[in-house]
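Undergrad: Sequence:
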Amino acid sequence: MDDVVWQVINQNFCSYKIKTNTQNFCRNEYNVTGMCNRQSCPLANSQYATIKEKNGILYLYIKTIERSHMPSKTWEKHKHIIDEKLLYWSNFLIYKNKARLTKLTQYLIKSKRLSLKKQTKLVGIKPKQTQREATREKKALQIAKLEKSIQKELLERLKNGIYGKKPLNVEPEVWKKVSESHKNQKKNESQSEYENSEEQIEFLSDTSEESDLEEWSEKYKFKKNSIINKSDVSSNHESESDIDRRDINEQEIENIFQKKRKHGNKKLESKKSKSYIELEYEQENQLVDEKT
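Counting along the sequence shown from 1, when you hit position 81 you're at 81 in UniProt numbering, and nothing is skipped either side.
A hint or two may mislead.
Said to hold, decoys possible - Derived EDC-like pairs (lysine to aspartate or glutamate); straight-line CA-CA distance at most 16 Å:
(1) Lys-98 <-> Glu-53
(2) Lys-176 <-> Glu-156
(3) Lys-112 <-> Glu-53
(4) Lys-98 <-> Glu-84
(5) Lys-183 <-> Glu-156
(6) Lys-110 <-> Glu-53
(7) Lys-52 <-> Glu-29
(8) Lys-63 <-> Glu-29
(9) Lys-54 <-> Glu-29
In short, the hints are calculated from the structure, not lab data.
All chains should be built: construct the whole structure from the sequences, respecting the hints.
TA: What follows is the structure, given as structure tokens:
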């Protein structure tokens, strides 16, 4: 039977045969060697075995005569059992199956190594497409700048009141934004004015303290001179202890006035850079009662 099949395939037509000038090849997936000859043909041999790889696992496929009536189930699948299953088979099939097994194992090892390595991917560059995108981006930026400038001009006109209090062709959201920005500007202006007024008031209070100190010092000098004149007249009546007390009190008062003057000068130096308002006002003369 096998000889009849081989005569038909060899002499007539076979769909798996590939003819060349030197040799013929076989495209059948169950062929052990890939050559078209009598020993390696899977169709012309009722006792046949081969090795195949599925999902990284190698299997031994054996052709059984009992299943010849079912072509889809003629091949038994075994895993790495060549010596046991092909113990009494021909040496040609045993040798070719082992050679095929070694080649497929080497192929799987190389594929794993390549998968672990980082491989560079080549991506094609399209210069025309990049130029189109660049020109589109430039045009979009120009349009966006024009729109923003137009919006700013319209908002400024609305703020200045060129279109009236409530223009007709303006969206309510835009009008709300304009009104809110106008209110915020007013608040900021009022806050700045209030801060400037507080600074001016502080500066005026510092100057008033210094003027008070000068008046106190002048009055004290005048008082001191009068007390000295009186002391010359009444020196005979007063004792030496009273004179010493008076001198001590005078020194303490002078030290106090000097400290206040220094403190006032420091404040004036810090406030020179700020704007201020000069005010003229009258102050009642205050007299200091001192123990004579």
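Undergrad: Take the hints in turn and mark each one as holding or not.
TA: Comparing the hints with the structure gives:
1. Lys-98 <-> Glu-53: Judged against 16 Å, a Cα distance of about 14 Å means the pair holds.
2. Lys-176 <-> Glu-156: Holds. Lys-176 to Glu-156 sits at ~14 Å (cutoff 16 Å).
3. Lys-112 <-> Glu-53: Distance of about 14 Å is within 16 Å: holds.
4. Lys-98 <-> Glu-84: At roughly 13 Å apart (the allowed maximum being 16 Å), Glu-84 and Lys-98 satisfy the hint.
5. Lys-183 <-> Glu-156: holds, 14 Å
6. Lys-110 <-> Glu-53: holds, 14 Å
7. Lys-52 <-> Glu-29: holds, 8 Å
8. Lys-63 <-> Glu-29: holds, 13 Å
9. Lys-54 <-> Glu-29: holds, 12 Å
The structure fails none of the hints (numbered hints given earlier).
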